[in-house]
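Quick note, the sequence shown lines up with residues 1 to 122 if you use this note's numbering.
Among the hints, erroneous ones may be present.
List time: in silico DSS-like cross-link candidates among lysine-lysine, alpha-carbon distance up to 25 Å [stated by the list, open to error]:
#, residue 1, residue 2
1, Lys60, Lys22
2, Lys110, Lys22
3, Lys48, Lys22
4, Lys79, Lys20
5, Lys22, Lys79
6, Lys111, Lys79
7, Lys110, Lys79
8, Lys22, Lys111
No lab work stands behind these hints, which were simulated from the structure alone.
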Amino acid sequence: MVIFDTNILIELYHGNPQIKTKIEVLEAETFYVSSITAAEFLVGARDKVEFSRVEKHLAKYNVIPITPDISEIFLSLFKTYSLSHRPGIADALIAATALYYQIPLFNLNKKHFQFIPGIELI
């Protein structure tokens, strides 16, 4: 099991061969995205046709909703790191989701998450 950050979804959508190869090496059977990641991905669509394509691509992954438990972890992360590391709201919610389910986060911007104890980054 692996959870993807938005930048991974974007790279997969554009057919990045290096990311595809990395995913094959992971040998994970199930891939997840946070509902925040799904929303960020959908926002990038420029018109109805692209929105439809993005939705179709998104359907390949299991979308994890934000639960009250994930919200608590998010708030704790934000209170702890908002002044020292300035995490984005979306990044903190995605990190909270990965932490709650204890699954690795595949991401291209390690500096956005590496300061969070307990998070496993790919």
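How the hints compare with the structure:
1. Lys60 x Lys22: The hint holds at about 17 Å.
2. Lys110 x Lys22: Between lysine 110 and lysine 22 the Cα gap is close to 16 Å, so the pair holds against 25 Å.
3. Lys48 x Lys22: Not OK: lysine 48 and lysine 22 at ~31 Å, beyond 25 Å, violated.
4. Lys79 x Lys20: Judged against 25 Å, a Cα distance of about 35 Å means the pair is violated.
5. Lys22 x Lys79: Violated, because 33 Å separates the two Cα atoms, which is more than 25 Å.
6. Lys111 x Lys79: OK: lysine 111 and lysine 79 at ~18 Å, within 25 Å.
7. Lys110 x Lys79: Holds: lysine 110 and lysine 79 sit about 20 Å apart, inside 25 Å.
8. Lys22 x Lys111: holds, 19 Å
The structure fails to meet hints 3, 4 and 5 from the earlier list, while all remaining hints are met.
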